[in-house]
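Asks: The chain contents come next:
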Amino acid sequence: MKISGFEAKILPAGETCLFVDFGEKIDMQINSLVQGLKRSLTEKPFEGMRELVPTYRSLSIYFDPLTVDLEALNKRLMTDLETITEELSEDNADATQVNVPVFFGGEFGPDLSDVAEYTKLSAEEVIKRYCASPLYCFMNGFTPGFPYLGGMDKTLETPRLKNPRELIPANSVAIGGAQAGAYSIASPGGWRIIGRVPYELYDPDRDPAVAIQAGMWVHFYPVDMERYKEIEEQAKSGVYKIEYKKRGVEA
Amino acid sequence: MKLKIQSPGPLTSVQDLGRWGHQAIGMPVSGAMDAPALIRGNILLCNPDGAAALEMTMTGPAILFEGEGAIAVTGAELQPKLNGKPVANWTVIKINSGDVLTFGGACGKGLRAYLCVSGGIDVPLVMGSRSTYMKAKIGGLNGRKLAKDDVLSTGENNSCKIGVTCPENLRPDYAVNAPLRTVLGPQDDYIKPEGIKIFFSTEYKISPSSDRMGTRFESDKIIEHVKGPDIVSDAIPMGAVQIPGQGVPIVMMADRQTTGGYVKIGVVHALDVARLSQFMPGSSVRFAEITQEQGIEISKSESNLLNLLRSHVEKFNTVPPAAASQNRGAMNVIVNGEKFFVTWEKLS
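Chains as they are written, first to last, in our numbering: chain U, 34 to 284; chain B, 4 to 351.
Since the hints were derived computationally from the structure, they do not count as laboratory data.
Below, computed lysine-lysine pairings styled on DSSO-like, alpha-carbon distance capped at 30 Å:
| # | chain 1 | residue 1 | chain 2 | residue 2 |
| --- | --- | --- | --- | --- |
| 1 | U | K42 | B | K200 |
| 2 | U | K58 | B | K230 |
| 3 | U | K35 | B | K195 |
| 4 | U | K35 | B | K230 |
| 5 | B | K140 | U | K262 |
| 6 | B | K140 | U | K274 |
| 7 | U | K58 | B | K200 |
| 8 | B | K230 | U | K187 |
| 9 | U | K262 | B | K138 |
| 10 | B | K303 | U | K42 |
| 11 | B | K140 | U | K195 |
| 12 | B | K88 | B | K164 |
| 13 | U | K42 | B | K230 |
| 14 | U | K274 | B | K138 |
| 15 | B | K195 | U | K58 |
| 16 | U | K42 | B | K195 |
| 17 | B | K303 | U | K77 |
| 18 | B | K138 | U | K195 |
| 19 | B | K230 | U | K195 |
| 20 | U | K269 | B | K140 |
| 21 | B | K138 | U | K269 |
All of these numbers come straight from a predicted model, not from anything done at the bench.
All chains should be built: construct the whole structure from the sequences, respecting the hints.
Replies: See below:
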């Protein structure tokens, strides 16, 4: 069906899942539709609903094959799809923004100078433009908590490393082509590392376990080494909490 | 009961039915590769269906038990031995303090077995599950496979029925020649029609590079894409069949990443994903098309089998240990819902 000028398709994905797909594109509006449908199903779950997984372009809906009524689910989805369009305009003011401190460059950002060289900007200017970018988390994936962030200043686009690193430290902030991201756990990877967050972006024993989640806006801001160490200490003892706020509200 | 690991086996890890509910933050589900085998073991032991067990690959560990309890080994035939004597799979076995469980290893009847224990393996819940996900080092025992000298505890459960066994007709079917039943989609339209034909007509050889994340295949039949193998990333359900650039399928298994950027031609039914996880590298398999509705019916018949096993276990009466140790005794037995009073006496 047509929705906000996009084609929404309900596609089978085995006996325990279906995808509502909005199109083969990385696009804010498509992702808002994904988030909108997720919200309406979360608020009023259907019989047998198991788990919802939002991605760039589709919502995966996992269900219990023993209790699901496929026909009723299809009808429900059609109704929801008609109503979520109206909510789109409210999204921006109501969305959550997370403010994330970063120490840029040095040992924590080994690729900052390469990014500066590639983009023909000073390191300071790279940091400034990175922090000023209205970054939006399209989805989490790859590893637990890795946020795929769109909306980075186009002048910062830098290709991935030809030879990916075998191990990138957890909480490293990065640029991968046109996308921004943050390695939530230590893992191999080919994105350019420009800084590090003094806070566990993923901690399975914390609620929420993942600091930057799909549908959130992300504001990175620079801190010096002294403040970095301070936050790191406070985070370890559980005193430091990362800051969330409604996007429409000025701090 | 405590399990002291004297030797760990090549790949032994704590698994339950997986870490559901957190794929949205990129947390893989993990869990038992052959969930139907794990569930049956737990039903036999009167545990909750999803109690944690040890998943053993190729061969099992050597385990010294401390304290009393019960076990059931399900899944592949890895030739379990208790104190050196062979014991049956799919059967509840009494464990006494000091008993040692060892395994002879795989013998062509499956690859992964489950050591289910009375009360389940007691490790901390991480995000609602005890499953080990080794890549993120979480769950199970410190997020890793078992090592020598590890000690595991079990939960409480004293209601086990020693000797109860899963009838053969209620066990999973591990036949290699039955095809992997697959629902087409979500991206079958990204594959050329000729590619769909190749997918359902080719005999695929399982590659040795398969693991808990995915089963890879070897074939010279290439499935061609309409536009190319890359998509804007979306979710990967259990059993999703990715067709990457080289045109040969990969079936995504328990430790699959939550999202990915390859075209998915279809999704293999959960029961057949479990069956596939038992096949040795080098075995040949085929895919066969089913509809989503047929897939749901298959899940329902599996659920019926599990219910039959539940009532089988419920009706099973064990010989009370006190009576068994005497030369004569008597007990009530229920057979097909009818009550019988049985007496016995030792003849010699």
